[in-house]
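Visitor: Now for the letters of each chain:
2 protein chains.
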Amino acid sequence: MLKAAPSYAFNPQGDGKGKKVLILGGGLCGMTTAYELTKLGYSCTILEARDRVGGRCWSVRKGSHNTETGLPKQTAQLDDGQYFNAGPSRIPHHHELTLHYCKELGVPLQIYNNVNEGAYYFSEGKGPLSNQKIKVREVHNDMRGYMSELLHKSISQDKLDLALSKDDIEKVLEYLRAEGGLDIDNLYKASARRGYTVAPSTGNQAGKVAEAHRLADLISSGLTDPDFYNVAEYTYELQMTMFQAVGGMDKIATALEKKVGTLIKKGAEVTSIINTDAGVKVSYTDTTGKQEASADICICTIPLTVLSNLNHNFSSDVSRAIDYASYIATGKIGLQFKRRFWEEDEQIYGGITHTNNDLTQIFYPSNDYQSNKGVLLGYYNFNDKAIKTGNLSLIDREKLALEKGALIHPQYLKEFEKSFSVSWHKTPCSLGGWALYTSETRESMYKALLKPDKQVYFAGEHMTYLNAWMAGAFESARSVVTEVNNRLSEQRGEYKKVDK
Amino acid sequence: MLKAAPSYAFNPQGDGKGKKVLILGGGLCGMTTAYELTKLGYSCTILEARDRVGGRCWSVRKGSHNTETGLPKQTAQLDDGQYFNAGPSRIPHHHELTLHYCKELGVPLQIYNNVNEGAYYFSEGKGPLSNQKIKVREVHNDMRGYMSELLHKSISQDKLDLALSKDDIEKVLEYLRAEGGLDIDNLYKASARRGYTVAPSTGNQAGKVAEAHRLADLISSGLTDPDFYNVAEYTYELQMTMFQAVGGMDKIATALEKKVGTLIKKGAEVTSIINTDAGVKVSYTDTTGKQEASADICICTIPLTVLSNLNHNFSSDVSRAIDYASYIATGKIGLQFKRRFWEEDEQIYGGITHTNNDLTQIFYPSNDYQSNKGVLLGYYNFNDKAIKTGNLSLIDREKLALEKGALIHPQYLKEFEKSFSVSWHKTPCSLGGWALYTSETRESMYKALLKPDKQVYFAGEHMTYLNAWMAGAFESARSVVTEVNNRLSEQRGEYKKVDK
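Protein chains in written order, with full-length UniProt numbering: chain A, 1 to 500; chain B, 1 to 500.
It is worth saying that the hints were derived from the structure and are not from the lab. Misleading hints may appear alongside valid ones.
Just so you know, same-sequence chains aren't split out, so a pair can sit in one copy or run between any two.
Simulated pairs of lysine to aspartate or glutamate, EDC-like, Cα-Cα distance not exceeding 16 Å [to be verified]: (1) LYS373 / ASP345; (2) LYS171 / ASP225; (3) LYS17 / ASP296; (4) LYS103 / GLU344; (5) LYS126 / ASP168; (6) LYS399 / ASP161; (7) LYS62 / GLU104; (8) LYS171 / ASP217; (9) LYS103 / ASP368; (10) LYS447 / ASP323; (11) LYS166 / ASP217; (12) LYS266 / GLU292; (13) LYS208 / GLU237; (14) LYS265 / GLU292; (15) LYS290 / GLU417; (16) LYS17 / GLU490; (17) LYS189 / GLU443.
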């Protein structure tokens with residue numbers, strides 16, 4: 001019943017003394033790789049192009065900066081203590097390895113409140129419910145109600161040929177009455193689940209349940225559309241419980257930096273990776289000019305979109321897989337407000353408002369509830385919407401976020417203070433949100449990268465089925481450490497096959 | 001669109017100088033009443049029978065004690081820093097007044113993680129899924145899948161006479177495909193939503209989706225029964241976002257005590273409440289013997305089940321309403337464990353496991369994630385199950401919790417350290433969990449208590465439609481402060497009608 005060992009157990013054996021490993025990229029994967037290899041005695045060096053560690057695991061706070069392609073340098077002016085997670089902002093409870101490293105590195109966690117029935121669906125310019133703030137609970141419970149009513153009707157009128165006993169059919173009907181909140185006539189007429197227009201209180205105030213939306217109105221306003229309706233929270237990776245690092249997700253990166261900081265050369269931008277007879281030779285530039293580094297083994301965690309622009313002598317299969325890699329276009333904007341009107345005026349504490357306009361989503365902060373100021377994510381969008389938004393100037397992105405956001409929260413106009421936007425596909429050293437594969441490209445591209453190209457190993461979330469998640473970085477680090485250690489131990493004749 | 005004033009706005013006007021108000025009960029309602037009346041200048045005294053404030057708002061920690069009827073005194077031996085909320089443990093995001101007082105009193109909040117798809121349903125001794133740990137996500141997504149498949153079939157075979165356009169019907173089908181996670185043939189075959197047997201990871205490990213449970217098995221194992229299936233989280237008051245006070249819910253009580261502590265006589269057990277021509281006279285006992293107190297007005301927050309045993313000269317209607325009051329039987333047990341095996345071994349962080357046996361529910365702590373020790377609620381049961389459990393000796397309650405709990409978590413046996421149980425209906429000064437009303441008793445009983453009996457006002461959660469919630473105590477306090485202040489101001493000729 002219990003697992004023999006937790007999935008985060010990791011005890012590779014070997015002696016890395018005298019072996020040099022060059023790690024390209026000081027993100028979570030690169031730093032974790034160095035952390036684990038160092039435990040085994042390997043001499044590691046990390047080259048990191050940015051002046052900070054963490055890569056996409058980045059929390060924007062006062063002084064954070066970014067320069068996107070074709071745009072001026074942006075430096076965050078957020079108040080002290082204010083921040084937002086420009087990269088990963090959520091940890092699923094089943095990403096054991098991520099949670100394990102948080103524990104091992106002493107990073108405190110708090111709940112990321114991904115599910116909030118009190119946030120909104122907002123359908124701009126569509127149908128009878130257009131431009132209204134519809135609480136998530138209204139859509140959820142109205143749809144459960146209507147669908148349960150219809151199925152109850154269908155089954156009780158014996159219109160479905162169910163492979164169930166008569167008793168079991170009675171139990172399905174009972175389930176539907178409960179699931180849908182149906183009335184005594186098995187009809188859905190609204191219930192307290194969807195909220196009150198007058199709250200229950202003292203004396204004779206029993207509360208007044210709000211009326212249900214009409215099914216036809218929900219449909220024609222687009223609120224049942226799969227890309228809008230919140231089936232997102234059904235997704236395995238988005239189911240509660242979810243976590244975030246207290247104080248910003250970059251606390252994970254800085255905790256790793258405390259362990260391997262002395263091995264990292266920041267501001268070191270790799271220009272070429274060459275396999276040689278003796279090992280691997282990497283050229284890079286830093287503030288003092290052109291540099292070279294050599295090692296027995298190189299572990300490359302550079303995103304494929306960035307790697308594609310470097311010189312290398314990889315095999316044609318590998319080269320092709322790199323050049324044709326596909327990454328998602330995605331962007332976020334953090335908006336700092338004078339006060340938390342979403343909490344104070346609208347009782348929205350964390351969670352997500354979904355909208356059909358270019359914002360796609362508004363994320364409310366899951367930290368420092370009931371404090372004075374706050375930063376929310378004014379948009380978090382993908383693909384076409386992210387490309388469109390990313391093509392705007394910084395001030396026009398802010399303008400878009402404020403104009404569209406004010407349709408939902410008119411308080412925006414009075415309370416807004418500062419913004420900072422990130423378009424990941426336009427950000428050098430990242431050039432995309434995360435790797436996107438189809439079942440075809442898993443075969444035609446991904447597989448070519450699974451084996452090392454001579455002395456060069458590929459690692460990072462793009463080398464996993466955990467794309468977009470920090471778990472991908474950690475799992476990939478473990479995997480590459482195992483492979484490299486097995487290979488080098490074998491070379492020394494002290495080979496012990498160790499399972500990952 | 002925005003409210004003119006938040007619902008917690010409260011600005012009664014009046015001058016209470018020279019007027020004495022005697023408040024019976026130092027729970028949340030009694031202390032809040034004193035806090036607000038004191039702001040208006042009234043002279044308040046609170047009589048509290050226990051040696052602590054807070055009433056049912058009680059967190060059990062080292063040294064906490066309770067003596068239930070017919071049982072020996074129980075003193076908690078929990079480790080320093082360990083606690084559980086024996087009374088209210090959750091604050092809904094829409095209980096604005098509770099949240100308002102937390103803010104005003106400086107009580108920090110954190111998420112109470114009420115929804116956790118990684119916790120279990122556990123059906124003991126029933127059907128083919130008997131005694132198996134079924135993850136909440138499995139039941140949720142299997143049932144959504146099967147029900148959506150059935151309705152899709154019914155609609156697409158034109159068996160339902162829907163009052164919808166052809167386009168809208170197509171959209172309902174599209175919704176059902178997304179809601180149920182149906183496959184290309186519109187059948188439910190399981191999906192990643194319900195979890196993996198092999199998790200997605202690095203290399204070729206794409207992950208292996210677990211097989212769905214059979215609908216007939218879910219039904220005959222009772223997992224779709226309304227009293228077992230988790231429709232609880234659909235309830236308005238149990239929808240996320242939910243909060244708890246950091247460090248224990250009693251932090252709210254102790255924060256109030258900081259404001260009104262000097263007005264409270266602890267260990268003062270009321271024996272009689274007599275309306276007189278001049279006001280009201282209350283007898284009570286304390287360590288020094290029999291005492292008397294008099295005042296212009298008395299606000300009685302004593303639970304009706306306790307009040308029923310006191311001497312008084314209330315009208316017959318009021319007396320009858322008190323004597324026939326119904327309160328829920330309910331109990332909890334806190335179990336301290338050496339390590340958080342539910343987190344470490346099973347990735348359960350907060351949330352609730354539901355079971356059909358006497359435990360009813362296991363609550364996992366929503367605090368101090370990834371720390372070493374932890375206290376979970378081994379049971380939280382109601383009505384017959386609570387009466388049965390409450391009738392056990394303390395050691396037999398612990399035995400029940402461990403034996404039944406070990407069916408779900410065999411780690412119980414090795415990791416258990418200490419327990420503390422509370423049976424609220426057997427606890428003097430409470431004698432029940434919370435007031436239970438039917439629509440009939442709202443008319444025949446409750447209404448008699450809404451008006452003061454001469455100089456005596458009744459207040460507390462039992463005087464609201466917010467039974468079981470701290471919000472009831474706060475709302476009732478606001479309500480009675482308004483009424484008393486209006487009456488006394490009127491008497492002085494300075495009457496200004498103030499709306500609550």
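Visitor: Within, between, both or neither: how does the pair LYS17, ASP296 come out at a Cα-Cα threshold of 16 Å?
Guide: within (12 Å within a copy, 86 Å between copies)
Visitor: At most 16 Å between CA atoms: does that hold for LYS265 and GLU292 within a copy, between copies, both, or neither?
Guide: Only inside one copy: LYS265 and GLU292 sit 12 Å apart there, 78 Å across copies, limit 16 Å.
Visitor: 16 Å Cα cut-off: does LYS290 pair with GLU417 within a copy, between copies, both or neither?
Guide: For LYS290 and GLU417, the Cα distance exceeds 16 Å both inside one copy (42 Å) and across copies (62 Å).
Visitor: Regarding LYS373 and ASP345, is the shortest C-alpha distance of 16 Å or less found within a copy, between copies, in both, or in neither?
Guide: within (14 Å within a copy, 38 Å between copies)
Visitor: Given identical chains, is LYS171 near ASP217, meaning Cα to Cα at most 16 Å, within a copy, between copies, both, or neither?
Guide: Close across copies (12 Å), not inside one copy (31 Å); limit 16 Å.
Visitor: Can you give me the call for LYS103 and ASP368, within, between, both or neither, at a CA distance of at most 16 Å?
Guide: between (22 Å within a copy, 12 Å between copies)
Visitor: At most 16 Å between CA atoms: does that hold for LYS208 and GLU237 within a copy, between copies, both, or neither?
Guide: between (37 Å within a copy, 15 Å between copies)
Visitor: Within, between, both or neither: how does the pair LYS62, GLU104 come out at a Cα-Cα threshold of 16 Å?
Guide: Close neither inside one copy (28 Å) nor across copies (29 Å); limit 16 Å.
Visitor: If the cutoff is 16 Å on CA atoms, where do LYS126 and ASP168 land: within, between, both or neither? Let me know, please.
Guide: between (41 Å within a copy, 14 Å between copies)
Visitor: At most 16 Å between alpha carbons: which applies to LYS399 and ASP161, within, between, both or neither?
Guide: neither (56 Å within a copy, 47 Å between copies)
Visitor: When Cα atoms must be at most 16 Å apart, do LYS171 and ASP225 count as within-copy, between-copy, both, or neither?
Guide: Classified as between: cross-chain Cα gap 7 Å, same-chain 30 Å, threshold 16 Å.
Visitor: For LYS17 vs GLU490, is the C-alpha pair at or below 16 Å within one copy, between two copies, both, or neither?
Guide: Close inside one copy (14 Å), not across copies (89 Å); limit 16 Å.
Hints 6, 7, 15, 17, counting from the list given before, are not met by this structure.
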